[in-house]
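The chain contents come next:
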Amino acid sequence: MPNKAAKRFDLATQVRICALCPNMCRFLCPVATVEKAETITPRGKATLTLAAESGDIPFTAGTAAVFYRCAQCKICREWCPSGVDLPEATASLRRRAAREGVSPKAVRTLAARLVGERSFYRPAAELAETDRYRSLLDKRAKVLYFAGCATAALHPEIIEATLRLFEAGGVKVDMLRPEECCGLPLDVLGYVDEASEFAGGLAQAVAGGGYETIVTGCPMCAQVMKEGYPALGVTLGVEVKHVTEFLDGLGQEAGLVGLRGRRVPAGPGPGREGASLAGRRPPTDLAVTYHDPCYLGRYQGVYEAPRRLLAEVAGLEVVEMERGRELAACCGGAPAIDATVPATATAMASRRVAQAGRTGAGTLVTACPRCLEMLRAAAEASVGAGSGDRGLFVRDITEVLAERLGVWRER
Amino acid sequence: MTPTEFEALVAQAAVARRPIPPGLLPRLAQIVGREHVLTGRADLLVYARDSWPIAALRVLHGKSLPMASAVVLPGDTAQVAAVMKVLYQVEVPIIPFGGGSGVLGGTLPLGGGVIVDMKRLDQVLEINDRGLTVTAQAGILGVDLETALNRAGFTLGHFPQSIDVATLGGFIATRSAGQFSTKYGNIEDILLAIEAVLPNGEVIRTKRTARASTGPDIKSLFIGSEGTLGLLTEATLRIHPRPERRATQAYEVETFLDGLEIIRLVMRTGLRPAVIRLYDPIESAHSFRERVTQGKSLLLFISEGRSRLVDLELETIGEVLTSFPHRELGPEPGRHWLENRNVVSGLPEFMSQGLVVDTLEVAATWDLVPGLYLAMTERMAAVKGVVSVSAHSSHSYTQGTNLYLTFLTLGPDDPTAEALYQQVWTAAMEACLGAGGTICHHHGIGLQRVKFMPAEHGPALDILRRLRKALDPKGLMNPGKLFSQEAAPGPQSTPREVD
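Sequence lines, in order, name chains A and B.
Residue numbers for the first sequence follow this note's numbering, so the first one is 1 and each next one is one higher.
Residue numbers for the second sequence follow this note's numbering, so the first one is 1001 and each next one is one higher.
Extracted from the complex, chain A is given alone in its bound form (with noise of 0.2 Å):
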């Protein structure tokens, strides 16, 4: 029963709402699933935010650790019949625990690292990827590839393979030197001020390229250009598209040639050269499972383009998993999770990996670089656990899409 209810309340009342519901979305929160108490449970924030602004309980540290335990996924918000946006009054909250000093030490040290380094992984500086693709970029481009730092930190592969996939559809592009971070975690985290400062800077760095759009294969780098800037008063003045979206629309408008209509090349399914996972050999049959990022689904709204691109351009037969598309659960991925309670992050994405496994398809594929990070490591840990599990296979669908037209391969 997914549920798209319409802002009825104010989000004070929201909050009172969801404080009164015998909490029924409880089943669907994946960090509240993993955790199992009370307190992280959509109604037990709602019943700390009231009191804590009633002043029935101190706003301490020890109160602002819980607001953290939250994966903004917003699957609460999919499900409310009322429309309560919880994730959003805990943001407000996050705001607050920034603003007053008491959030999480492992908050503070990555907002911190944030600021200094200028990226989420490694100093920006050290992620001058452009230098390796500079043949396949042209600075006249009017198309802007944001590769986002969790890729170019951890899988660059995937900045090659979104390239080639640009080349191959007739698309001209550009990217950033050096690129820093959106700003997206820092805004996710509490950090308003800071996540401003960041936005203006990109939008610096993108005004007077002449740019008309920016595509990235980040879903939260999307979020946080498409609505995040706005709401921080940064206006970036060009289209903001996901890398799948852009895709998905190539052919579609005049001048692009387009990637549907190439020619897929029959015979096995997505890794079947010589591209391996911990050793082992990847899957070789054509059906795959799709796994929907929370910010480009619930957030974006885009869920039809990246089974589209699977299904019609890399000829792949796309498996549902129970709870996909709007009640698709968090990977564990979520900045405060990660950094708050990692072994909650963990059991996040083994739970997803678990859920991708039972649709019998050897790949998940993904549109995320978090999600890709947080369910490969996943897959791995169960082949590692001697489960019985043969693990999962797990691919950016870039690499997947770059590989089943021939216009890339993993090294």
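Calculated directly from the structure, the hints in this document are not laboratory data.
Predicted model, so just to flag it, every value in this text is computed and none were measured.
Where a beta carbon is used, it is the ideal one built from N, C-alpha and C, also for glycine.
Check each hint, because a few of them may be wrong.
Claimed, not checked - Quick look at which bits of chain B chain A covers, simulated, 3 or more residues with Cβ under 8 Å:
1. 1098-1108
2. 1142-1148
3. 1173-1184
4. 1308-1318
5. 1416-1427
Using the hints provided, position chain B relative to the given structure of chain A.
Structure of chain B alone, referenced to chain A:
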């Protein structure tokens, strides 16, 4: 300001409240792991409530609720046993906690103590295809159990509205009923065996069997025990192959009483549709809108199982209807209900606006049902401040049915909200007892119905009291719930027949 009824209860319990002994928390942490002992104020505040409207109202108005000293989340039966043993030894009250969906205050730590949250015991242990049974740990959410069964081609057939929130242990401890109970039975019909930890930490298991004539049924003692006799850790239940087909058929009937009569006759034929629901005109209009004529009642049947039997069942129901004025509404209202059956958003939405809404459910044999309906709706509506009383019937039997009443009180300001709420409840319960009904069909007793238990059971209540005393001589298990250990039994109610 006069303390509310609840505040008086809390004050009474507070007299016996003692600080927890030093060294207890480290001992508990040793058993369950440090991360599974919660003592932060944020945690204790959240665990101080369940879904009882009184608790919810207090949360809303920033009024305090008594808090436990700690919450522990054991991970298996051995840990539960070890926790119970320690707590019992040092004489600290033990409050079992499942999904917190109870609507009667059954998990409130009135006099403090330690809450034992069972949700880490969440595994399906065995699905037995030939025996048609499932064994699962008590802390699993109903929805997770049903999903696991569906995956294997089975169903439990137990669908309380709280299925997404409540735990298996909670189903049993509150003696719950599901929406499809007319076909699959209530929890007492579904439950085959239990594993439980007694207050002193001893673990007992009853045998998994189709039936037994081996003395009084030990597992039954725990059905509806509301955490007062021990802690359920595991259960074995009947399962069914998933039905081949599900079909729905709805009718508009002239009056609610006509509808009740139709249900009585349907049940008398021996039919067992999965669902029979009858709504009075207020609820028909509220839940089904333009599908039903204003002032008429909607009667809904859902049949499931083998396709040919489903057809036959609905056809036979249609024959019963021929003796009554009615209008066929087809399958759509049933589909609408199936889609929205667990949407309860109206209650929190109303209450967030300052109204008080609650539901209560009672039952009686067919000879008494019409009188019960009339007496209760009349008495409840007569309470000053009540703006709406409505009813439906949702669980039927050959011998009778339940009545599910919903009341709404308009605009009480905060200090009087609790008092008005209690007035309506008292009117409802007194009317029910007077008409020969039982005060509860499936929500249980919790705190809210405790004061009506002597009138419900009469002197027989003393048997429960003695049983509780035998298993829990120190009176530490969920104190103050289900019935008062001290109160003298009141006079037994006399059923009054209504033609």
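Hint check:
Counting residues of the segment 1098-1108 of chain B whose beta-carbon sits less than 8 Å from any beta-carbon of chain A gives 4, enough to reach three: the coverage restraint holds. Coverage of a stretch by a chain is defined here by at least three residues with a beta carbon nearer than 8 Å to that chain's beta carbons; for the segment 1142-1148 of chain B and chain A the count is 3, and the condition holds. Counting residues of the segment 1173-1184 of chain B whose beta carbon lies closer than 8 Å to any beta carbon of chain A gives 0, which falls short of the minimum of three for the stated coverage. Restraint check on the segment 1308-1318 of chain B versus chain A: 0 residues with Cβ-Cβ distances below 8 Å, three needed, restraint violated.
A stretch counts as covered by a chain when three or more of its residues have a beta carbon under 8 Å from one of that chain; for the segment 1416-1427 of chain B and chain A the count is 0, and the coverage is violated.
Violated hints, listed in ascending order, are 3, 4, 5; each of the other numbered hints is respected by the structure.
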